[in-house]
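All chains should be modelled from the sequences, with the hints used to inform the complete structure.
Keeping their order, the protein sequence lines are chains B, X and A.
If you're matching positions, the first sequence starts at 1 in full-length UniProt numbering and goes up one per residue.
If you're matching positions, the second sequence starts at 1 in full-length UniProt numbering and goes up one per residue.
If you're matching positions, the third sequence starts at 1 in full-length UniProt numbering and goes up one per residue.
Bear in mind the hints are in silico, worked out from the structure with no lab data behind them.
Cβ atoms here follow ideal geometry from the backbone N, Cα and C, with glycine treated the same way.
Keep in mind that a hint or two might mislead.
As the list claims (entries may be wrong) - A short, non-exhaustive set of chain A residues, derived as facing chain B with CB atoms under 10 Å:
| hint | residue |
| --- | --- |
| 1 | G9 |
| 2 | S13 |
| 3 | G127 |
| 4 | I130 |
| 5 | A137 |
| 6 | R138 |
| 7 | F140 |
| 8 | W159 |
| 9 | N172 |
As the list claims (entries may be wrong) - To spell it out: a stretch of chain B is covered by chain A in this simulated footprint if at least three of its residues, at any positions, have a beta carbon under 8 Å from a beta carbon of chain A; those stretches are:
| hint | region |
| --- | --- |
| 10 | 5 to 14 |
| 11 | 125 to 131 |
| 12 | 142 to 154 |
| 13 | 162 to 174 |
Unchecked claim - Restricting the straight-line Cα-Cα distance to at most 30 Å, the calculated cross-link-like pairs of lysine-lysine (DSSO-like) are:
| hint | chain 1 | residue 1 | chain 2 | residue 2 |
| --- | --- | --- | --- | --- |
| 14 | B | K3 | A | K168 |
| 15 | A | K3 | B | K168 |
| 16 | A | K168 | A | K53 |
| 17 | A | K135 | X | K53 |
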Amino acid sequence: MKKSILITGGARSGKSALAERMALQPAGRAIYIATARLHDGDDEMAERVAKHKARRGAAWQDVHAPTDLAGALQDTDGGVPRLVDCLTLWLTNLILEDSDWQAEADRLVETLARQSAPVVFVTNEVGQGIVPENKLARLFRDAAGHVNQSVALACDEVWLTVAGYPMKVKPNDHSF
Amino acid sequence: MKKSILITGGARSGKSALAERMALQPAGRAIYIATARLHDGDDEMAERVAKHKARRGAAWQDVHAPTDLAGALQDTDGGVPRLVDCLTLWLTNLILEDSDWQAEADRLVETLARQSAPVVFVTNEVGQGIVPENKLARLFRDAAGHVNQSVALACDEVWLTVAGYPMKVKPNDHSF
Amino acid sequence: MKKSILITGGARSGKSALAERMALQPAGRAIYIATARLHDGDDEMAERVAKHKARRGAAWQDVHAPTDLAGALQDTDGGVPRLVDCLTLWLTNLILEDSDWQAEADRLVETLARQSAPVVFVTNEVGQGIVPENKLARLFRDAAGHVNQSVALACDEVWLTVAGYPMKVKPNDHSF
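Given below as structure tokens:
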């Protein structure tokens, strides 16, 4: 297994399941860094988180990092792989609390370069639909593309999931 | 030609044209299983269906299966390939009439395993845009991802069309 | 470098940066054909255009072609490569002024066949989200898919960018 991997894809395209298989491969155990921020009354998200947790089972230690992802990587380094699920929710949390998400993305990439244990990131493709009418949605869409590019550049491998199957984006042999 | 093929892609990305070429390859004839439900007054959809039909021509026998897709596969098995166009409209029909779409998806996959003649499914990528504000749209998006994964798992091949050209998703040599 | 290349991808997926590298490869210089129509007060677009321009630097000659793209290709042919950024905004301009975009797309493809200097087109994937509720958005989405397929068919190479990295769509070895 390589040191750092980014997995991107659409909604329900098998990103998390692939990330879990990759993170468990070296040691059979891994740390799950969840970025979802649970709000009172958000049953839809709570149900999704509970489903993911039930699927993962006992091989996983859970860490919660809605915004300080660089800190969570630093704190959990040195042992088993970490799975970060997902960058899109982390970015959402930063934007909603009006943090400097570009500075945080830079800090994440710098921290990633100092890690000794593997990291598998899950993110989302959100930019392949019609341009959203909502201005905040457009800003978020651009920010997500920026974060995905920055983390992809810093990772050893990038994968795209389609209908549950992985396609290799980086490295590939598609030279021009 | 393999026994079962799933073709996914965005709107107007060449999915149906590719599926038609694949379905006609073995015999020069095929059965077209349409899932579109035509409502009075939906001129947009009627026009799209008429256009597709005109492009297909005489090599095709048409069958209409807006919800009982497993039944249509069973009834048409044993001869020429079948083209199912498309899973997304079939799922829409099931959800709109409040059917148990997960049970129907399971039944479809079980039926597929018993087919002797080839099947080419067309479906849509709908999960690579911004998360929809509309709750029903979010549920549909998740359901479509689930159906695509289930059928992809059961198929011998999965293809993604981009700007009219096919990219092979399954099987591929992208091991990890 | 091949004669004509189409680069597609989602928002902020690295399309323009890849197109610039490709267009500069043969000569270190290129012509940038911008299709963005700047409206008074559209600060969001003006900022985006200024950012792109600052990144490109002095190796570029700028040409503005919001609708007559075939004419701009003809006028700039014979020397260094041209980069067209992007087909989606060009199509938007044609639709907004109620032009016959299909006739213009045909004229573009015919003009492309007569070019002697290379052309790199940037376009957008807009059809992989939920079907838009807005009818004009649906028409645009279909038109964009049509234009992408037509230009892809006429180009020697087609690439899809994901998180800043290129995947080769045409030609590829994915035969069926």
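A quick look at each hint next to the structure:
{"no.": "1", "hint": "G9", "verdict": "8 Å, holds"}
{"no.": "2", "hint": "S13", "verdict": "6 Å, holds"}
{"no.": "3", "hint": "G127", "verdict": "8 Å, holds"}
{"no.": "4", "hint": "I130", "verdict": "7 Å, holds"}
{"no.": "5", "hint": "A137", "verdict": "5 Å, holds"}
{"no.": "6", "hint": "R138", "verdict": "9 Å, holds"}
{"no.": "7", "hint": "F140", "verdict": "7 Å, holds"}
{"no.": "8", "hint": "W159", "verdict": "7 Å, holds"}
{"no.": "9", "hint": "N172", "verdict": "8 Å, holds"}
{"no.": "10", "hint": "5 to 14", "verdict": "holds (count 3)"}
{"no.": "11", "hint": "125 to 131", "verdict": "holds (count 7)"}
{"no.": "12", "hint": "142 to 154", "verdict": "holds (count 9)"}
{"no.": "13", "hint": "162 to 174", "verdict": "holds (count 5)"}
{"no.": "14", "hint": "B:K3 <-> A:K168", "verdict": "25 Å, holds"}
{"no.": "15", "hint": "A:K3 <-> B:K168", "verdict": "27 Å, holds"}
{"no.": "16", "hint": "A:K168 <-> A:K53", "verdict": "27 Å, holds"}
{"no.": "17", "hint": "A:K135 <-> X:K53", "verdict": "23 Å, holds"}
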